[in-house]
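Novice: So the chains spell out like this:
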Amino acid sequence: GAVVSQHPSWVICKSGTSVKIECRSLDFQATTMFWYRQFPKQSLMLMATSNEGSKATYEQGVEKDKFLINHASLTLSTLTVTSAHPEDSSFYICSARDLQRGSYNEQFFGPGTRLTVL
Amino acid sequence: AQRVTQPEKLLSVFKGAPVELKCNYSYSGSPELFWYVQYSRQRLQLLLRHISRESIKGFTADLNKGETSFHLKKPFAQEEDSAMYYCALSGPTSGSRLTFGEGTQLTVNP
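So the sequences go chain by chain: F and Y. 1109 is the number of the first residue of the first sequence in this note's numbering; add one for each residue after it. 484 is the number of the first residue of the second sequence in this note's numbering; add one for each residue after it.
A portion of the hints provided could be inaccurate.
Stated by the list, open to error - Cut-off 25 Å, straight-line C-alpha distance, at most; resulting in silico cross-link-like pairs (DSS-like, lysine-lysine): (1) K1163(F) to K1174(F); (2) K556(Y) to K540(Y); (3) K548(Y) to K492(Y); (4) K492(Y) to K1149(F); (5) K1149(F) to K556(Y); (6) K1149(F) to K505(Y); (7) K505(Y) to K548(Y); (8) K505(Y) to K492(Y); (9) K1122(F) to K1172(F); (10) K1172(F) to K1128(F); (11) K540(Y) to K505(Y); (12) K1149(F) to K498(Y).
Calculated from the structure, these hints are not laboratory results. Because the structure is a prediction, the values reported are computed rather than measured.
Could you build all of it, start to finish, from the sequences and the hints given here?
Specialist: Structure, rendered in structure tokens:
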């Protein structure tokens, strides 16, 4: 239980294009999802908190117009990297909370999406 | 500001030896501490959390509020324990957001 999926698992795009990454909670409803970015051999950096039916809360230094987050349903959040550039190349990971299971603050993680911008 | 520090980026031990992965934190209030593990080519998964005070795969971690530490320990390391370990913190003022440490890559040699 408490499975989170991401799609695609990897994507290569040209500079200047936009890329959408999906995060789904498969067997539970997630009112809150989180988006992280992870550079090679580094820790996870929280980018934003995605709340179902409302605007995402972005961490300091994260451009909200660059990284568009939509959480239209209780099982789906999307991250769109707009006008992607090579420096946006990274591993993007989402997580979700399942209030029915685990502690209030426990998060369940997706497998991640590897984005490469040429 | 909340912060999690894992002083060792790399830790290497032999099979059967005790292992301790260090984690220190700074937080104003009562935090909730977690250890997450990431095995090679797998997603991040919860190993244990301090509120449950449980032992998972032989690992234990005790929250020491005086020393603001949450070290992860296992008396006899196994090769399958080789992975990346992240200490993480959350608390009432962080809105359930997790702050991760830098991670420690544990290698258990045969």
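Novice: Does each hint fit the structure? Answer for all of them.
Specialist: Cross-check of the supplied hints:
For the suggested pair K1163(F) and K1174(F), the alpha carbons sit about 15 Å apart, so the restraint of at most 25 Å is met. Taken as a hint, the K556(Y) and K540(Y) pair is honoured in the structure, with Cα atoms around 11 Å apart against an allowance of 25 Å. Proximity of K548(Y) to K492(Y) is assessed by CA-CA distance (about 23 Å); at most 25 Å being required, the pair is judged to hold. A threshold of 25 Å between alpha carbons decides the hint, and for K492(Y) with K1149(F) the separation of about 9 Å falls inside it, so the pair holds.
Taking the CA atoms of K1149(F) and K556(Y), the gap is near 22 Å; set against the 25 Å cutoff, the hint holds. With a CA separation close to 18 Å, the supplied pair K1149(F) and K505(Y) stays within the 25 Å bound. For the proposed pair K505(Y) and K548(Y), the alpha carbon gap of about 14 Å is at most 25 Å, so the pair holds. The suggested pairing of K505(Y) with K492(Y) holds, with an alpha-carbon distance near 10 Å, which does not exceed 25 Å.
At roughly 21 Å between alpha-carbon atoms, K1122(F) and K1172(F) fall within 25 Å of each other, so this suggested pair holds. Using a Cα cut-off of 25 Å, the hinted pair K1172(F) and K1128(F) holds, with the two alpha carbons roughly 14 Å apart. Annotation: proposed proximity of K540(Y) to K505(Y) holds, straight-line Cα distance about 18 Å (limit 25 Å). Distance restraint check for K1149(F) and K498(Y): the Cα-Cα separation of roughly 24 Å lies within the 25 Å cut-off, and the hinted pair is therefore satisfied.
Of the hints listed earlier, there is not a single one the structure fails to meet.
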